[in-house]
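Trainee: Chain residues, written in single-letter form:
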Amino acid sequence: MAYLLLVDDDEDFAAAAAKVLRGAGHEVHVALDTDSAVESMQQRRPDLAILDVMFPESSSAGFDLARQIRQDIKALRDVPLLMLTAVNSRFPLGFSSKDIDEHWLPVDDFLEKPVDLDLLCARVGDLLARAASQRPPRK
Amino acid sequence: MCAMASYTLPLAERRTAPAASLPAGPSPELPEGILLRNALWFCRLRWLVLGLFAGFGLLGLAPGLLARAGLRPPGAWPFIAAAVLLAANVLALAHARGAARHLAAASTNLWAQIINDLVVLTYVVHHVGSLETAVGFAYLFHIVLSCIFFPRRWSFLVTMLACGLYLGCVALEEAGSLAQAGIYANAALREQMDLLPGVRLAHVGWAPFTWIVVWYLAAHLSAEVQSRDRELAETNRRLLAAQEERRQHMLRTTHELKAPFSAIHANVQLLTKGHCGELPAEAHAVLGRISTRCRRLANEIQEMLQLANLASATEEPPPKPVLDLSQIMRWCLAQVAPRAEERQVTFDADLQPAPVPVVEDHAKMLFGNLVSNAVTYSHPGGHVAVAVTPEPDGGACATVADQGIGIAPAKLPRIFEPYYRADEAVRHNRESTGLGLAIVRQVADTDGLRVGVESEPGVGTRFTVQFPGSDPNPVAEGKEDRHGLSPARG
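Chains as they are written, first to last, in this note's numbering: chain E, 769 to 907; chain H, -15 to 474.
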């Protein structure tokens, strides 16, 4: 169906999420850090990228990667981004959907961890459908 | 061969005595921004002086006017002094406002202004009368200002420059190199001051002596004030750094504690949703228990962190923009809706626009906990009535009322204690952490809100939160009363 890149330093979570997404028919590549994620994206452009926020080297590496994709890498500028975070909560400590902003938080949507994997699949499907509807028709 | 990299752990910054880490020795130069502000202020003062000179020059043009006051017409010198000051002011303002900022630093601007002023002042002193008038004491303005603007050694240079210019002027006058001048009409006045050499020397030396004493006092006081300013700035910087460090620590701790539950939750879902094949019913039950305990522990960690964060807040109170409480309540209802649906509890919402000054995150925590509690302690099929109403005084009132198990009157005063849970509440729902209402209390305490509760066992519980129309001063009011937790009623 679609080629997805999952960027998360938690190997256990990434493996479980990847299994469910593969079960939904997607091809999934897992990157455990942001450098290898950029490398992977430059080799093959994903149809959608799922990013974690906090990584061992930086508590905002996911944001930085999102900004890099949107602002610095022209070929990847329109890749839909879904952000996962363990920090946001039902009662916020961090950001909320109103903060989705092209400059501050340039992602298409986010989900809070712990993630319901069915919801993750549904959200991925929605974002892919939205991206397909916005893409110019091929001749 | 690769060069071996090395790294030495830096010594920990001393935290106990801010003053100890301040640079010793002469006071450093003020920051560029402050110097520029001072330069602008200096220019504004100079417009007044310029006006005085021009006005005096104009008076001199009126025939006989100054003569009646015992003064002689000044001629062109007030206009020359005013013109030079005008040119200096235009240049200094252009620099300070940025038009020529790239050409010189703010300190150069101030130095140029001070030197220019001292030269003009000496010119004025000569024409007004260096010995027979007290105009020489006008040098004190620049000496004191330089003590405020500059480090001590620079202000000393200004003082020496003033002394040199003044004494030079007097010396040239005495030697006859400069024509005798003065504003007094009686030209014989100076001759009458023909004193003995020792007395004359003391007379001439009195002004510079006074300037040096004033410089010493002003420079000393100014250095003290600047030192205090730097201490305050340093303390403030450390407080801000500590606050940021704590915030980062909170984020990291939340992540580190929640992330494992996320992985466990995801893997439990793999099993329960059949991604790894069919499981026996007993295994499903075991996984359900694992999942429930994980969720409970994750929630507890989240709430402990929120409570700790609120309780340890030492920084300035967060900003309170005016926000519509009904929108915040709507957001909270949406967050709790899935759980309400699971428990077959419905909301009756009467949310009227109510703009009040509020800390958005705090209000979300407060409403979220109240609504979540109302759902948790409702019976299946129950209703939770939620209302937000504007008050005539510009404040607002929010209520959350359930038809749940209720709370015994004797237990009401304890429900806001951390980890307190009534027996009947534990029997009704084992998942609660006992921290939700402690967070409500902490938010109320922090933001100066009044929270009231009414309850009757078996009938239900109603929480009321009063938001003031203006931001109350948290220092001025008694801390115990600010959260306004009202005693049991009904």
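Check before you lean on any hint, since a few could be wrong.
Have a look at the derived ranges for each label pair, beta carbon to beta carbon [unchecked claim]:
hint: 1; chain 1: H; residue 1: Thr256; chain 2: E; residue 2: Tyr771; range: 26 to 32 Å
hint: 2; chain 1: E; residue 1: Ser826; chain 2: H; residue 2: Asp332; range: 43 to 49 Å
hint: 3; chain 1: E; residue 1: Gln811; chain 2: H; residue 2: Glu229; range: 24 to 30 Å
hint: 4; chain 1: E; residue 1: Met769; chain 2: H; residue 2: Pro376; range: 55 to 61 Å
hint: 5; chain 1: H; residue 1: Val410; chain 2: E; residue 2: Lys842; range: 43 to 49 Å
hint: 6; chain 1: E; residue 1: Gln811; chain 2: H; residue 2: Lys257; range: 30 to 36 Å
hint: 7; chain 1: H; residue 1: Lys257; chain 2: E; residue 2: Glu795; range: 51 to 57 Å
hint: 8; chain 1: H; residue 1: Pro397; chain 2: E; residue 2: Glu795; range: 24 to 30 Å
Chain H stretches covered by chain E per the calculated footprint, using a threshold of three residues with CB under 8 Å from any CB of chain E [what the hints assert, rightly or not]:
hint: 9; region: 200 to 206
hint: 10; region: 387 to 400
Here's a subset of chain H near chain E, in silico, CB distances under 8 Å, partners left out [claimed, not checked]:
hint: 11; residue: Ala89
hint: 12; residue: Thr92
hint: 13; residue: Arg236
hint: 14; residue: Ala247
hint: 15; residue: His412
hint: 16; residue: Ser416
Quick caveat, the hints were computed from the structure, so don't treat them as lab data. Positions of the beta carbon are idealized from the N, C-alpha and C atoms, including for glycine.
Trainee: Against each hint, give a clear statement of whether it holds in the structure.
Mentor: Structure-based check of all given hints:
1. In this structure, Thr256(H) and Tyr771(E) meet the distance hint of 26 to 32 Å, their C-beta atoms being roughly 28 Å apart.
2. At about 46 Å, the beta-carbon gap between Ser826(E) and Asp332(H) stays in the expected band of 43 to 49 Å.
3. Judged by the Cβ atoms, the range 24 to 30 Å given for Gln811(E) and Glu229(H) is violated: they are separated by roughly 38 Å.
4. Taking the beta carbon of each, Met769(E) and Pro376(H) are about 59 Å apart, inside 55 to 61 Å as hinted.
5. With their beta carbons about 58 Å apart, Val410(H) and Lys842(E) fall outside the hinted range of 43 to 49 Å.
6. Here the CB-CB span from Gln811(E) to Lys257(H) is close to 32 Å, well matched to the stated 30 to 36 Å.
7. Between Lys257(H) and Glu795(E) the beta carbons are some 21 Å apart, a value that contradicts the proposed interval 51 to 57 Å.
8. Distance hint check: the CB atoms of Pro397(H) and Glu795(E) are about 60 Å apart, inconsistent with the given range 24 to 30 Å.
9. With 0 residues having a beta carbon nearer than 8 Å to a beta carbon of chain E, the region 200 to 206 of chain H misses the requirement of three or more and the stated coverage is violated.
10. By the rule of at least three residues with a Cβ nearer than 8 Å to a Cβ of chain E, the coverage given for the region 387 to 400 of chain H is violated, with 0 such residues.
11. The restraint placing Ala89(H) at the interface with chain E is violated, with a minimum CB-CB distance near 34 Å, outside the 8 Å limit.
12. Restraint check, Thr92(H) versus chain E: the minimum CB separation of about 38 Å is more than 8 Å; hint violated.
13. A cut of 8 Å between beta carbons decides the hint on Arg236(H): the least distance to chain E is about 6 Å, and the hint holds.
14. Look at Ala247(H): its Cβ gets to within about 4 Å of chain E, closer than 8 Å, so that hint holds up.
15. Nearest Cβ of chain E to the Cβ of His412(H): about 21 Å, over the 8 Å cut. The hint is violated.
16. The interface hint given for Ser416(H) is violated, since its Cβ lies 14 Å from the closest Cβ of chain E, which is over the 8 Å cut-off.
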